[in-house]
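Chemist: Residue-level listing of the chains:
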Amino acid sequence: GAVVSQHPSWVICKSGTSVKIECRSLDFQATTMFWYRQFPKQSLMLMATSNEGSKATYEQGVEKDKFLINHASLTLSTLTVTSAHPEDSSFYICSARVRGIAYEQYFGPGTRLTVT
Amino acid sequence: QKEVEQDPGPLSVPEGAIVSLNCTYSNSAFQYFMWYRQYSRKGPELLMYTYSSGNKEDGRFTAQVDKSSKYISLFIRDSQPSDSATYLCAMSAPGGSYIPTFGRGTSLIVHP
Numbered sequence: 052g053a054v055v056s057q058h059p060s061w062v063i064c065k066s067g068t069s070v071k072i073e074c075r076s077l078d079f080q081a082t083t084m085f086w087y088r089q090f091p092k093q094s095l096m097l098m099a100t101s102n103e104g105s106k107a108t109y110e111q112g113v114e115k116d117k118f119l120i121n122h123a124s125l126t127l128s129t130l131t132v133t134s135a136h137p138e139d140s141s142f143y144i145c146s147a148r149v150r151g152i153a154y155e156q157y158f159g160p161g162t163r164l165t166v167t
Numbered sequence: 032q033k034e035v036e037q038d039p040g041p042l043s044v045p046e047g048a049i050v051s052l053n054c055t056y057s058n059s060a061f062q063y064f065m066w067y068r069q070y071s072r073k074g075p076e077l078l079m080y081t082y083s084s085g086n087k088e089d090g091r092f093t094a095q096v097d098k099s100s101k102y103i104s105l106f107i108r109d110s111q112p113s114d115s116a117t118y119l120c121a122m123s124a125p126g127g128s129y130i131p132t133f134g135r136g137t138s139l140i141v142h143p
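Protein chains in written order, with the working numbering: chain A, 52 to 167; chain B, 32 to 143.
In case anyone wonders, no lab produced these hints; they're calculated from the structure. Don't be surprised by glycine CBs; every beta carbon is placed ideally from N, CA and C. Heads up, a few of these hints could be off.
Chain B side only, calculated, beta carbon under 10 Å to chain A, not exhaustive [as the list claims (entries may be wrong)]: (1) V35; (2) S59; (3) A60; (4) Y63; (5) Y67; (6) Y80; (7) T117; (8) L119; (9) Y129.
In silico DSS-like links for lysine-lysine, alpha-carbon gap of 30 Å or less [stated by the list, open to error]: (10) B:K98 / A:K106; (11) B:K73 / A:K106; (12) A:K65 / B:K87; (13) A:K65 / B:K101; (14) B:K87 / A:K92; (15) B:K33 / A:K106; (16) B:K98 / A:K92; (17) B:K73 / A:K117.
Kindly produce the complete structure, drawing on both the sequences and the hints.
Modeler: What follows is the structure in structure tokens.
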């Protein structure tokens, strides 16, 4: 149980285009989902927290107009990187919190984004 | 000072060794303590969690929390090459909606 999927697993796009990444909790309901960014050999950097049906809460320094997050249902959240630039190239990971259990947070396999 | 400190390593051990991974923290409000394992180019996998102080054992893994010292540990017995990964500690507090704060991870290499 407690499986989180992410799609796509990797994507290459041209500078200026937008990319959407999906995150799904497959076998549980997730009232809260998180989006992280990770650089090589670095820890996870929290970008935003989203609760189902409400606007995402972005961490300081994260551009909300560039990284659009939608949490439309208890099992799906999306991250759209708009007008992507090479500096947006990174490993993006989502995680989902099991409903009602604060400490159980499960991660997706990650999406590697390369912007050329 | 960061809220959670974790030595990035790498830590290289021979197969069969007992591995000790550690984190220190500064926020006394942390109540939940988690350990994640992350293989290269994969998402982190929750290994164990502990509430407050004490020990928890799961197979070859033992998690320890010492709240008085603000120090947590993960022990791996009979380490295997398949244990080679980055291990991240994480901790959360009720005041922060239990959003976990992560350490930067320790890279572990178990060589045959």
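Chemist: Does the CB of Y67 (chain B) sit less than 10 Å away from some CB of chain A?
Modeler: 8 Å, holds
Chemist: Double-check V35 (chain B) for me: the hint is only fine if its C-beta lies closer than 10 Å to a C-beta in chain A.
Modeler: 9 Å, holds
Chemist: Please verify whether K98 (chain B) and K106 (chain A) have alpha carbons no more than 30 Å apart.
Modeler: 35 Å, violated
Chemist: Hinted pair, alpha-carbon criterion (30 Å max): K87 (chain B), K92 (chain A). Please report holds or violated.
Modeler: 28 Å, holds
Chemist: Given the hint that K33 (chain B) pairs with K106 (chain A), does the C-alpha gap stay at or below 30 Å?
Modeler: 29 Å, holds
Chemist: Tell me if the straight-line CA distance from K65 (chain A) to K101 (chain B) falls inside 30 Å.
Modeler: 46 Å, violated
Chemist: Any CB of chain A closer than 10 Å to the CB of Y63 (chain B)?
Modeler: Y63 (chain B) check passes; min Cβ-Cβ to chain A is 4 Å, inside 10 Å.
Chemist: For the pair supplied as a hint, K73 (chain B) and K106 (chain A), is the alpha-carbon distance within the 30 Å limit?
Modeler: Status holds; Cα separation ~28 Å.
Chemist: Please check whether L119 (chain B) passes as an interface residue: C-beta within 10 Å of a C-beta belonging to chain A.
Modeler: With a minimum Cβ separation of about 7 Å from chain A (threshold 10 Å), the hint on L119 (chain B) holds.
Chemist: Does the alpha-carbon distance linking K73 (chain B) and K117 (chain A) stay inside the 30 Å limit?
Modeler: 24 Å, holds
Chemist: Against chain A, with CB atoms and a cut of 10 Å, does the hint on A60 (chain B) hold up?
Modeler: Because about 13 Å separates A60 (chain B) from the closest Cβ in chain A, which is outside the 10 Å limit, the hint is violated.
Chemist: Classify the hint on T117 (chain B) as holds or violated, based on whether any CB of chain A lies nearer than 10 Å to its CB.
Modeler: 8 Å, holds
Hints 2, 3, 10, 12 and 13 from the list above are not met by this structure, while the remaining hints are.
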